[in-house]
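Peer 1: Each protein sequence line maps, in turn, to chains E and W.
With our numbering, the residue at position 134 of the first sequence is 134, and numbering never jumps.
With our numbering, the residue at position 15 of the second sequence is 15, and numbering never jumps.
FYI, nobody ran anything at the bench for these hints, they're computed from the structure.
It cannot be assumed that every hint is accurate.
What the hints assert, rightly or not - Now the in silico label distances, taken between C-beta atoms and shown as ranges: (1) W:Asp92 with E:Ile13: 21 to 27 Å; (2) W:Asn27 with E:Pro91: 35 to 41 Å; (3) E:Ala83 with W:Lys16: 23 to 29 Å; (4) E:Gly34 with W:Gly86: 24 to 30 Å; (5) E:Gly109 with W:Asp153: 21 to 27 Å; (6) W:His114 with E:Arg43: 40 to 46 Å; (7) W:Pro15 with E:Pro11: 40 to 46 Å; (8) W:Asp47 with E:Met32: 34 to 40 Å; (9) W:Lys148 with E:Thr38: 30 to 36 Å.
To be verified - The list that follows gives simulated cross-link-like pairs (lysine-lysine, DSSO-like), each with its CA atoms no further than 27 Å apart: (10) E:Lys45 with W:Lys45; (11) W:Lys45 with E:Lys74; (12) E:Lys74 with W:Lys74; (13) E:Lys74 with E:Lys45.
Stated by the list, open to error - Far from chain E by the CB rule (all over 10 Å, computed), these chain W residues: (14) Arg26; (15) Gly34; (16) Phe60; (17) Val144.
Glycine included, every Cβ here is placed at the ideal spot set by N, Cα and C.
2 protein chains.
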Amino acid sequence: MQPSQATPTPPTINPKLIVPFVNSVRNVFATMVGVSTTMDRPRIKTDRAPAYDVSGIIGFSGDVIGTVVVSFQKCAAAKLVEAFAGMAVDPDSPDFADAVGELANMIAGGAKQHLGNAADISIPSVVIGQGHVITRPSDVPCVVIPCKTEVGDFAVEVSVKQLQTAGT
Amino acid sequence: MQPSQATPTPPTINPKLIVPFVNSVRNVFATMVGVSTTMDRPRIKTDRAPAYDVSGIIGFSGDVIGTVVVSFQKCAAAKLVEAFAGMAVDPDSPDFADAVGELANMIAGGAKQHLGNAADISIPSVVIGQGHVITRPSDVPCVVIPCKTEVGDFAVEVSVKQLQTAGT
Numbered sequence: 001m002q003p004s005q006a007t008p009t010p011p012t013i014n015p016k017l018i019v020p021f022v023n024s025v026r027n028v029f030a031t032m033v034g035v036s037t038t039m040d041r042p043r044i045k046t047d048r049a050p051a052y053d054v055s056g057i058i059g060f061s062g063d064v065i066g067t068v069v070v071s072f073q074k075c076a077a078a079k080l081v082e083a084f085a086g087m088a089v090d091p092d093s094p095d096f097a098d099a100v101g102e103l104a105n106m107i108a109g110g111a112k113q114h115l116g117n118a119a120d121i122s123i124p125s126v127v128i129g130q131g132h133v134i135t136r137p138s139d140v141p142c143v144v145i146p147c148k149t150e151v152g153d154f155a156v157e158v159s160v161k162q163l164q165t166a167g168t
Numbered sequence: 001m002q003p004s005q006a007t008p009t010p011p012t013i014n015p016k017l018i019v020p021f022v023n024s025v026r027n028v029f030a031t032m033v034g035v036s037t038t039m040d041r042p043r044i045k046t047d048r049a050p051a052y053d054v055s056g057i058i059g060f061s062g063d064v065i066g067t068v069v070v071s072f073q074k075c076a077a078a079k080l081v082e083a084f085a086g087m088a089v090d091p092d093s094p095d096f097a098d099a100v101g102e103l104a105n106m107i108a109g110g111a112k113q114h115l116g117n118a119a120d121i122s123i124p125s126v127v128i129g130q131g132h133v134i135t136r137p138s139d140v141p142c143v144v145i146p147c148k149t150e151v152g153d154f155a156v157e158v159s160v161k162q163l164q165t166a167g168t
């Protein structure tokens with residue numbers, strides 16, 4: 001087995017692309033879910049570690065292209081969806097996936113406002129399955145924002161890049 | 001346990017949104033992969049059946065919003081990526097996920113041309129994991145196009161809707 005080649009210039013974190021997501025996560029969870037979050041320092045994800053058990057995926061297109069994944073521990077997802085919806089939601093019901101997707105949508109939507117007027121976001125997909133791995137194209141760096149709440153952990157994985165436009 | 005309520009008006013398939021994907025799948029696999037595909041009749045997906053083992057997800061935004069998932073049996077993915085890349089690709093390498101994402105990207109991109117000028121597609125996410133379930137918002141019907149090749153099966157799941165614009 002040959003070791004895989006090391007990347008000569010490791011990608012760096014562009015705060016202009018990440019801070020809007022950090023702020024949006026804090027805002028959405030404080031105002032819409034009513035659960036306070038603490039965040040660890042964002043870091044570049046270099047491995048193919050599995051996501052948590054329940055992931056909402058939003059695609060970006062337009063001036064900012066890429067994807068954002070909000071991935072929850074299963075127990076955290078259940079508690080956070082309950083806090084968001086105001087009642088317990090059966091994890092096997094469509095309402096549960098809709099709620100997870102809506103959380104991802106609000107986080108992406110909140111960040112989008114600070115990322116440029118011509119960024120569009122897709123409707124969310126939600127992946128459910130223990131140990132699933134979500135990859136993105138290898139030419140777009142992935143920044144993980146690890147998040148903790150009193151009911152469990154989740155992570156926001158941001159893989160977006162800004163297209164060069166006039167005036168940028 | 002109460003049975004879930006039946007939907008009063010089941011969604012119907014809009015050929016204007018689905019035919020571009022059928023044609024694009026056929027075109028991409030014939031020209032870029034060199035493997036012919038046969039397709040079963042598209043059908044509305046009403047259950048939460050798991051996707052296959054390897055799925056590429058593309059988000060649509062703009063005039064057409066939604067997501068498209070191209071989901072492969074693991075063995076089919078390996079063979080089709082090999083045919084596409086012209087050599088065997090380690091399923092654990094970033095190149096494998098990139099190739100699956102690129103197949104999804106070409107299918108979505110080919111369909112996009114016939115869906116309206118102002119439709120944008122996101123870069124692909126690829127989900128790897130046996131038995132993962134991908135859900136979409138429950139208000140957007142999902143149409144499954146079952147596809148067979150000589151090396152295995154895959155499915156294209158189209159969950160898009162066209163926004164009403166002037167002249168539509």
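Peer 1: Each hint needs a verdict: does it hold in this structure or not?
Peer 2: Hint check results:
1. W:Asp92 with E:Ile13: 21 to 27 Å: Hint holds: Cβ distance 26 Å, inside 21 to 27 Å.
2. W:Asn27 with E:Pro91: 35 to 41 Å: 39 Å, holds
3. E:Ala83 with W:Lys16: 23 to 29 Å: Given a distance of about 41 Å, which is not inside 23 to 29 Å, the answer is violated.
4. E:Gly34 with W:Gly86: 24 to 30 Å: For Gly34 of chain E and Gly86 of chain W the Cβ distance comes to about 54 Å; the hint is violated.
5. E:Gly109 with W:Asp153: 21 to 27 Å: 36 Å, violated
6. W:His114 with E:Arg43: 40 to 46 Å: 41 Å, holds
7. W:Pro15 with E:Pro11: 40 to 46 Å: 43 Å, holds
8. W:Asp47 with E:Met32: 34 to 40 Å: 30 Å, violated
9. W:Lys148 with E:Thr38: 30 to 36 Å: Roughly 49 Å apart at Cβ, these two residues miss the hinted range, so it is violated.
10. E:Lys45 with W:Lys45: Not OK: Lys45 of chain E and Lys45 of chain W at ~34 Å, beyond 27 Å, violated.
11. W:Lys45 with E:Lys74: 25 Å, holds
12. E:Lys74 with W:Lys74: 25 Å, holds
13. E:Lys74 with E:Lys45: 21 Å, holds
14. Arg26: Given that every Cβ of chain E is farther than 10 Å from that of Arg26 of chain W, nearest at about 24 Å, it holds.
15. Gly34: 23 Å, holds
16. Phe60: Non-interface label fails for Phe60 of chain W: nearest chain E Cβ at 6 Å, not farther than 10 Å.
17. Val144: At about 15 Å from chain E, Val144 of chain W clears the 10 Å cut-off, so the statement holds.
Consistency with the previously given hints fails for numbers 3, 4, 5, 8, 9, 10 and 16, ordered from lowest to highest.
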